[in-house]
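If you read the sequences in order, they're chains A and B.
113 is the number that numbering that gives the first Met the number 0 gives to position 114 of the first sequence; each next residue is one higher, with no gaps.
139 is the number that numbering that gives the first Met the number 0 gives to position 140 of the second sequence; each next residue is one higher, with no gaps.
Calculated directly from the structure, the hints in this document are not laboratory data.
Every residue gets a Cβ at the ideal spot worked out from N, C-alpha and C, and that includes glycine.
Heads up, none of these hints are tricks.
Reference listing, derived: stretches of chain B covered by chain A, where coverage requires no fewer than 3 residues with Cβ under 8 angstroms from a Cβ of chain A:
hint : segment
1    : 118-129
2    : 135-142
3    : 229-240
Cut-off 27 angstroms, straight-line C-alpha distance, at most; resulting in silico cross-link-like pairs (DSSO-like, lysine-lysine):
hint : chain 1 : residue 1 : chain 2 : residue 2
4    : A       : LYS246    : B       : LYS179
5    : A       : LYS289    : A       : LYS203
6    : A       : LYS289    : A       : LYS246
7    : A       : LYS59     : A       : LYS140
8    : A       : LYS86     : A       : LYS59
9    : A       : LYS40     : A       : LYS146
10   : B       : LYS179    : A       : LYS231
11   : A       : LYS246    : A       : LYS231
12   : B       : LYS64     : A       : LYS231
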Amino acid sequence: MRFCLTIVIVLLVTVNCRQKKNHIPAHFPLPVTTIISVTDKEAQLGELLFYEPALSGNSKLSCASCHNPLLAFSDSLSLSIGARGEKTFRNTPSLANLAWNSTFFRDGGVSDLETQVIGSVTSPREMNERFFNIINKLNSKEGYKNKFMEVYGSDSITGQRIIHAIAAFERTLISANSVYDNYLTDKRPLTVLQSKGLSVFEQKCAVCHAGVLFTDNNFHNTGLDTVFPPMKQFDAPELGRARVTRKIEDVGKYRTPSLRNLSLTAPYMHDGRFASIEEVLNHYSSGVNKSCYTDSLLMKNGVIGIRLTENDKRELLSFLQTLTDSSFVGL
Amino acid sequence: MRKLFLFIVITFAFSCHKNSPQPTAGGTVGALNFKITNKFNGKNLVLNQKYITAQGDSFYIINFKYYISNIEFMNLDNGAFYAAPNSYYLVDASNPASATLEVTNIPPGDYNQFAFSIGVDDVRNHTGAQTGALDATVNADMFWSWSAGYKFLVLEGYFLSAPGSYSPFLFHIGSDDNFKNLNFSSYSSKGWNTDINIQAGKTSEVDANFNIDSIFVGINLDSAYNDNIQGGGGATIIANNYTNMPQLTNISNP
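With the hints as constraints, model all of the structure from the sequences given.
This is the structure:
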């Protein structure tokens, strides 16, 4: 009897622990937010909603329309096209390891994934839909009420539940199985070119693209432009981070993006102005513009930019390819 | 050993439970209705009706909403203090019911200071996805979705920009600097003569006029940028102006 009870309890505890396990890659730091298992019902509902076109005003776009899983949840456009046919203000960012992000959107306008969902769904330039309408549409679709019932214990479809489910799914998108990850965890050697690229990267890029997440979670003006709108233009997108903070020193700053899956997420920069990684490297090497807002990290000893030789660039390109996680995109 | 297992089972059982709602103490607390009336030029606000500002701009309002939060009761003589938890209310000129703010669970007693804020405090302003009056999936138009933060006050309408021609204007005022805390006390000139008396199981009432004229002081709709004020100096002026908007008119005790 006692033995049976023990087994039952051990099983209970095991199941419970498995559900609570965060699936945090061993070589990653602790995430900012809790990650639930991909097999959790809330994450599965979130995945369904992620691919649900009813979330858009024209009922044609889903989150995945711009966050294409085959492209590491990005699209190949400089600026995406929203439900009203207009271009978005920003290049669609790739999605991976979001539970480690402390801010979202290129200018860090929101600090949690749930609110990010609200922003993208309701923005007239993006999905252009009201939650009121989404709820009506989902209520009339087969199966959703049951799914909400299973997850939340009542079949009421609410905006809050929608955003929490999608955010829960997005946090399960973990990319930690690239060639570079295998080099870190299993000591699988890099090629000579890749190794050289890694040391160039560590010397010249890792201040901002820091750690295994390849971001300092901070904002920088990388000298892309010299002319900015006046602060009085309250919501001018070109103000960058200053649009959010209203601080003049944040003009033209954008969040340091992770470089994971870089080879799949072209074009690059907040507005997708560079079609290739080569163009990005050329910018940092010889194209950085000096303005009073340009980050001082890009101006050392009177030199503007980060000088890269052709060899440096070749090696860097080789290293950056190692950040592609083929298992993440189902290749 | 069995005790340990029991402990583990109980621990996990509890860890799986959602927070259960706190029971409210019935009969030992009182309530208060804070009734707001939006006014322009001394008369009840009517949406889409033409008005003239003190600066001479002819205009009409199509949308007027604001957040009232952090309602507090104090007795400056004996130190009694009650801050209504989670008191966030969205007053919407197109929905008369939204102008009566119901505050419950107030400890009985006399209060000679009444305080509330216009806007959302910095903690909740940056907390992200929230519920109730702060649910941005419901009140999406009171939320800058690209920059998590509430619009404390939204005033939208049309003004006479050229003879016979009306152009749109909008004031969307938010950001922590523009969160305003207001005190009304029987001790101050802006206050009243009677204390608020809260009695167990009963509902008292505080009435206030919100005079929208105040918002337009120093704002010429016709000058550059003033037709679209969502931040900066213009927002600072309007936020200071809206502190002059409320005027307590009456206290009814049970």
